[in-house]
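Protein chains: 2
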Amino acid sequence: MPTHNSSMNPSQVNFNSPRKFGTTLKSKCKETFFPDDPFRQFKNEKPLGKAKKTLQYFVPIFEWLPQYNLKMFRFDLLAGITITTLAIPQGISYAKLAEIPPIIGLYSSFVPALVYAILGSSKHVAVGTVAACSLLIADTIGSKVSSKDDPTLYLHLVFTAAFITGVFQAALGFLRLGILVDFLSHSTITGFMGGTAIIICLQQLKGLLGVSHFTTKTDVVSVLHAVFKNRNEWKWETAVVGMAFLVFLLFTRYLSQRKPKLFWVSAMAPMVVVVLGCLLAYFTRDRKYSIQTVGNLHKGLNPISIKYLNFDAEYLPSTLKAGIITGVIALAEGIAIGRSFAIMNNEQVDGNKEMVAFGFMNIVGSCFSCYLTTGPFSKTAVNYNSGCKTAASNLVMAIGMMLTLLFLAPLFSYTPLVALSAIIMSAMLGLIKYEEAYHLFKVDKFDFCICLAAFFGVAFISMDMGLMISVGLALLRALLYVARPAACKLGKLPDSTLYRDTEQYAEASGPPGILAIQLGSPIYYANGNYIRERILRWIRNDEGNGKAVKHVLLDLTGVTSIDTTGIETLAEVLRMLEVKHIKMKIVNPRLEVLEKMMKSKFVDKIGKESIFLCMEDAVEASYDFSVTTEKQGFEEQRSGVA
Amino acid sequence: MPTHNSSMNPSQVNFNSPRKFGTTLKSKCKETFFPDDPFRQFKNEKPLGKAKKTLQYFVPIFEWLPQYNLKMFRFDLLAGITITTLAIPQGISYAKLAEIPPIIGLYSSFVPALVYAILGSSKHVAVGTVAACSLLIADTIGSKVSSKDDPTLYLHLVFTAAFITGVFQAALGFLRLGILVDFLSHSTITGFMGGTAIIICLQQLKGLLGVSHFTTKTDVVSVLHAVFKNRNEWKWETAVVGMAFLVFLLFTRYLSQRKPKLFWVSAMAPMVVVVLGCLLAYFTRDRKYSIQTVGNLHKGLNPISIKYLNFDAEYLPSTLKAGIITGVIALAEGIAIGRSFAIMNNEQVDGNKEMVAFGFMNIVGSCFSCYLTTGPFSKTAVNYNSGCKTAASNLVMAIGMMLTLLFLAPLFSYTPLVALSAIIMSAMLGLIKYEEAYHLFKVDKFDFCICLAAFFGVAFISMDMGLMISVGLALLRALLYVARPAACKLGKLPDSTLYRDTEQYAEASGPPGILAIQLGSPIYYANGNYIRERILRWIRNDEGNGKAVKHVLLDLTGVTSIDTTGIETLAEVLRMLEVKHIKMKIVNPRLEVLEKMMKSKFVDKIGKESIFLCMEDAVEASYDFSVTTEKQGFEEQRSGVA
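Protein chains in written order, with this note's numbering: chain A, 30 to 671; chain B, 30 to 671.
There could be a bad hint or two in this list.
Lysine-lysine pairs mimicking DSS-like chemistry, simulated, CA-CA at most 27 angstroms apart [to be verified]:
(1) A:LYS518 - B:LYS57
(2) A:LYS55 - B:LYS471
(3) A:LYS471 - B:LYS471
(4) A:LYS49 - B:LYS628
(5) A:LYS59 - B:LYS518
(6) B:LYS474 - A:LYS55
(7) B:LYS57 - A:LYS576
(8) A:LYS518 - B:LYS474
(9) A:LYS628 - B:LYS471
(10) B:LYS471 - A:LYS474
These are computed hints drawn from the structure, not numbers from a lab.
Quantities reported herein were computed from a predicted structural model and do not represent experimental measurements.
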């Protein structure tokens with residue numbers, strides 16, 4: 030084994046002239062916007078091949094359709110039928126949540142699913158509407174235009190919001206800004222989903238208890254207040270039916286969770302509830318205590334709605350807000366879910382490409398009377414478990430929805446509201462993940478706080494505020510990471526050339542007269558002052574303990590980047606140490622850091638002879654200048670320990 | 030020299046049980062809020078000594094006064110007189126800039142200077158008003174209440190803003206939130222000051238050309254438009270006098286810059302201009318083209334203004350905005366300047382203590398008819414060059430101002446506006462630092478952009494927008510640092526045990542079958558996806574080049590922290606590599622990272638035997654499992670190279 034010996038064959042720091050600006054800019058842009066290197070596959074292709082690959086890249090259906098066969102279709106057909114049976118009750122339920130006509134929910138599983146089947150790159154995502162975004166749309170647009178007083182205008186604004194969402198999502202994808210979605214942390218989403226589930230469940234008390242006067246606010250306090258204020262409207266018949274449905278749905282879910290092969294039981298259950306509910310409503314339609322039903326579902330495909338898009342300046346702030354916030358949440362849900370199923374199969378999902386697909390899905394959808402759609406978790410999981418092989422299962426669902434719209438829609442007019450409430454509640458209860466929150470609590474308290482902030486913010490203030498507070502906290506943490514980077518004092522491990530954190534390895538001890546410090550994370554304006562203070566504090570501490578410090582060795586292995594303020598900080602430290610007659614040495618500066626040090630003449634100030642490739646060399650060099658006896662004493666002490 | 034040999038005496042990763050939550054929380058809070066360890070000096074004191082030290086800590090005058098002697102006083106007296114002669118013209122000028130009566134400018138160098146002398150911890154800071162903040166106050170409050178239409182209300186709001194600034198600054202100091210000021214980067218301040226200097230200079234064209242109709246906007250376009258629209262009001266007499274003054278002032282500054290011993294020439298010059306201007310105005314007072322003067326300066330000390338503080342809900346948003354923005358800028362200027370002079374003398378300034386001092390200075394000031402004060406650069410530099418020894422020079426200035434207010438104030442009524450304009454312009458021209466901007470351009474293009482954004486934002490949009498855009502860009506950069514941490518592929522340097530970046534050291538090459546990767550910066554939610562993609566890309570690249578990858582070694586030396594998403598990312602990578610039959614190994618996890626890995630059971634998943642203390646050990650261990658011949662081939666190849 031070759032060993033490193035500085036005196037025999039000194040390894041030098043590479044002081045080549047800095048790379049050109051163009052080179053670094055190109056490499057940075059690539060890392061920022063194309064970390065997954067999507068154009069790799071085009072490199073060694075001829076022009077025609079390139080054109081073909083480009084088409085396949087942007088329109089994935091051309092990639093999988095040529096290889097499609099009957100065996101795959103059998104799987105996709107089954108999966109498609111399963112998700113269609115789920116899409117009908119979910120579509121109607123979530124449309125009620127968004128306070129738009131229930132038929133829109135059915136429309137929204139037809140056109141967007143077609144678009145996604147052509148453009149989507151994930152095999153498992155099943156397109157549909159989602160509860161959280163539906164409520165958020167109702168909340169945001171409802172604060173400007175009441176869905177009761179002016180339902181037409183309200184509906185048009187919902188279409189407009191979907192259009193804006195689509196443009197926003199597609200733009201993010203084209204601009205390769207998938208990075209934005211990365212800033213919605215897992216903790217935020219866990220808390221947000223939990224909080225949303227709580228308020229949606231509470232809202233369903235309206236349907237479950239048959240209350241007709243209700244609040245438009247979404248927070249827990251207002252909703253509970255509205256429920257109990259209208260005690261006199263509670264109908265026990267509705268409540269009993271609703272509880273029965275709910276218990277049935279929860280039981281089927283429990284069954285599927287215990288025996289994954291029975292996944293279709295829970296997938297079919299909502300449809301069963303709807304059918305049972307319809308029958309019940311139909312036979313009790315002439316009674317005194319008739320059950321409230323959805324009502325009014327016409328036959329026919331999606332009418333064109335492009336002419337209804339409303340960009341009036343008065344409503345634009347609301348639609349923009351609704352469009353962008355729901356757009357981000359929908360992307361986070363859709364992409365995260367596509368990705369997690371792809372990982373199970375060891376495949377990759379290109380987040381930016383998915384954004385473009387979701388974007389076009391919503392743009393086209395909003396022109397055909399659809400509101401916001403994405404890849405909801407429940408539907409996608411059912412799709413995956415049903416064994417779908419390609420995006421063709423979405424195609425099957427689209428055809429299923431088309432047939433439903435053409436022939437069966439009026440049958441669903443009898444769907445009782447209480448059945449929808451039960452379906453929504455059972456779906457929502459699955460989104461409250463206490464184990465997840467407990468895991469966060471155990472591993473990382475700050476992540477737990479971020480999660481709690483989203484949960485309580487959504488539950489007690491409002492959905493958008495809760496989300497923003499939580500994202501703000503997460504960003505604050507990211508900034509704290511960079512403002513207060515962990516630095517540590519290094520000591521030499523016995524019988525090795527390794528220098529490690531003295532706090533982590535108690536047996537590591539610093540050579541006398543030398544203070545070895547490892548800095549982590551980029552050094553720049555937000556942490557320059559801190560790093561200076563921290564270094565000075567270590568020197569004071571050592572001096573306070575009676576140890577004279579003659580050399581400060583800064584290990585920059587963990588410093589990946591530096592800005593002008595960071596270099597000034599190092600220069601200041603150098604100046605302050607010079608006054609104290611302490612020598613400063615730099616160990617292992619990374620490429621970018623060394624380049625900036627050279628450009629800013631810091632290398633000339635400190636001298637090339639003070640920059641070393643490894644800690645051992647720097648320590649050796651320190652002793653060459655120090656009194657020799659000191660080193661001997663240390664070596665003897667070391668061998669004594671060994 | 031002891032060498033590290035893994036087979037003889039293996040150094041082990043320290044798998045001690047994680048530290049308690051309380052311990053880590055305490056240490057984090059200390060690093061975040063008390064990085065300079067201010068209570069170190071109290072540790073080994075008796076109760077009485079502690080009380081004394083505490084008093085000295087919070088009221089620094091008790092620290093330096095007991096050691097004060099006549100020799101120090103002689104220096105402070107000289108410095109105090111010098112800054113008094115600067116304070117009078119500056120006070121009047123900047124009060125005009127803030128559109129308040131000029132006497133307020135004189136008041137503002139009296140009471141705050143007294144307070145700072147007692148509470149301030151910097152020896153060099155000289156208290157006074159600043160141009161940028163004065164203009165910003167006029168801009169913000171003037172947009173709500175016109176200083177012309179209702180000067181009394183306007184003045185009261187200015188006092189209120191100063192009060193809010195004081196409370197805000199003191200609160201930041203008490204809460205140890207000095208960290209906030211760290212987020213105003215040097216690049217932002219350079220650009221902001223430059224932009225402010227430009228618009229203030231242009232505004233002075235009003236006084237210099239004697240224009241009486243003018244705009245209240247501050248951006249370049251509006252100001253130039255106002256100047257040229259009112260061409261008919263230009264007075265050549267005023268312009269000639271103004272230019273003469275300006276040339277004189279710039280010449281004295283040039284002289285002082287060339288010969289630092291003549292610093293007093295440029296310090297006295299503004300006073301000379303004022304006196305000359307007064308004489309000129311006095312003797313031409315009966316002419317037709319009389320020169321516009323300040324007018325109306327009464328004898329007498331600061332009247333009490335606490336009863337005028339106006340917290341009316343109608344004006345509160347404006348005063349809050351003005352108070353907080355100017356508070357941050359004033360702090361950044363005052364603290365940065367105190368710090369940079371302290372560094373020259375190898376002393377320390379406690380930023381949080383300074384904030385408290387500035388805060389009280391403004392609170393007390395606002396109750397005694399003063400507006401916003403801080404430690405302006407020009408005055409502080411003069412104070413330092415005059416040889417001040419303690420904060421007593423501020424005391425001398427306060428006494429000088431008191432005498433001026435009591436006896437000399439009416440004499441300054443004749444100060445011509447054109448003289449003030451010349452003084453402001455000459456001061457502002459010194460704040461445009463092109464060399465600084467050029468340095469930023471050379472060293473770091475992104476810093477240069479941040480600087481330009483502040484400069485053009487201030488010059489062409491508005492002062493607060495310019496500041497916010499620039500701070501936003503700087504934050505974006507900080508977030509990009511954490512979202513896209515630099516990672517690199519490591520190779521072994523010939524004839525050593527060192528593994529270094531293959532891009533930086535061309536001679537470093539990876540052992541066959543092994544992909545060694547060094548990650549930098551914390552791994553967490555914002556960069557988890559990126560890191561996963563990056564690792565997979567390296568594997569694909571190696572495989573694309575015909576090199577089979579059998580082991581992936583992740584060097585976590587530079588990873589100072591990790592959150593739950595980060596650990597999930599590592600677990601995902603582990604899972605994906607397992608599918609590809611690639612082994613993953615972790616090298617040198619830091620204390621906090623290892624703790625989280627243990628808490629989240631990641632260590633159990635990967636196995637303790639896959640976590641190594643150094644790269645060499647991990648490579649060795651990889652070969653123990655690999656085919657032996659491969660390694661031999663590599664070793665032979667290596668020795669061939671050497």
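Cross-check of the supplied hints:
1. A:LYS518 - B:LYS57: Satisfied, since the Cα-Cα distance of roughly 16 angstroms is no more than 27 angstroms.
2. A:LYS55 - B:LYS471: Between A:LYS55 and B:LYS471 the Cα gap is close to 18 angstroms, so the pair holds against 27 angstroms.
3. A:LYS471 - B:LYS471: violated (47 angstroms)
4. A:LYS49 - B:LYS628: violated (45 angstroms)
5. A:LYS59 - B:LYS518: It holds: about 16 angstroms lies between the C-alpha atoms, which stays within 27 angstroms.
6. B:LYS474 - A:LYS55: Roughly 13 angstroms separates the two Cα atoms, so the pair holds.
7. B:LYS57 - A:LYS576: holds (26 angstroms)
8. A:LYS518 - B:LYS474: violated (33 angstroms)
9. A:LYS628 - B:LYS471: The given pair, whose Cα atoms are some 7 angstroms apart, holds under the 27 angstroms limit.
10. B:LYS471 - A:LYS474: violated (42 angstroms)
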